[in-house]
Amino acid sequence: MKNLNFVFKYFVLLLFLAAFVSSCMKSSDPSSGNTAETEAAQIKSWKAKMKSENIAYDSTATKIFYVIDKTKVGTGPNVTTGNTVTVKYTGTYMDGTIFDSSDNFTYVQKSSSSRMIAGWEEGIELLNKGAKGTFLFPSSLAYGPYGYYSIPGYTPLFFVIEVVDIK
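According to mature numbering (1 follows the signal peptide of the UniProt record, and there is no 0), the residues represented by the sequence shown are -27 to -1, 1 to 140, in order.
Be careful, since some hints might not be right.
Think about it this way: if two alpha-carbon atoms lie no more than 30 angstroms apart in a straight line, the pair counts; the simulated DSBU-like pairs of lysine-lysine are [said to hold, decoys possible]:
| id | residue 1 | residue 2 |
| --- | --- | --- |
| 1 | Lys61 | Lys43 |
| 2 | Lys36 | Lys102 |
| 3 | Lys61 | Lys22 |
| 4 | Lys24 | Lys61 |
| 5 | Lys22 | Lys36 |
| 6 | Lys61 | Lys45 |
| 7 | Lys36 | Lys17 |
| 8 | Lys83 | Lys140 |
These are computed hints drawn from the structure, not numbers from a lab.
Since the structure is predicted, the reported quantities are computational estimates derived from the model, not experimental observations.
Using the sequences and the hints given, assemble the complete structure.
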């Protein structure tokens, strides 16, 4: 009987832990956030706003939209694979809400341990030391249809990135 009571207590504890862990996990349902259609509409709206405000932007073949700050022109070669890069950055949603920022973030460009989103890895290679750019990454180059923690799926992200140092 004592053995059965012991097993029951551990079974209840195990159920509690399973419920707790699953409640902390992000839903893998892509419909829990934006849809591909709402993301496309958000990007289209942003492009129209840029045009109406006469703000020129460039884009890459992978649909990263960016503006390099002409008042923060850098020097030397651009960031490349294997560089140790120190940056200041702010990440925001399309509505301007900040979800992440740092004044002193260092990582190794395109290393397996950097865990950077694909848009960042591609976009930062457009910058050199001292340069600053504003990037709009589509979800396909950010956190995709499933999102990541508080970032919903199909969410395009803005990043303002300034390269402080390259080694």
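Status of the hints after comparison with the structure:
Pair hint Lys61 plus Lys43 holds up; C-alpha atoms about 17 angstroms apart against a cutoff of 30 angstroms. Restraint check for Lys36 and Lys102: the C-alpha separation of about 24 angstroms stays at or below 30 angstroms, so the hint holds. Taken as a hint, the Lys61 and Lys22 pair is honoured in the structure, with Cα atoms around 26 angstroms apart against an allowance of 30 angstroms. At roughly 27 angstroms between alpha-carbon atoms, Lys24 and Lys61 fall within 30 angstroms of each other, so this suggested pair holds.
A distance of roughly 17 angstroms separates the Cα atoms of Lys22 and Lys36; the hinted pair therefore holds under the 30 angstroms criterion. Taking the CA atoms of Lys61 and Lys45, the gap is near 13 angstroms; set against the 30 angstroms cutoff, the hint holds. The straight-line distance between the Cα atoms of Lys36 and Lys17 is roughly 12 angstroms, inside the 30 angstroms bound, and the hint therefore holds. About 14 angstroms separates the Cα atoms of Lys83 and Lys140, which keeps this hinted pair within 30 angstroms; it holds.
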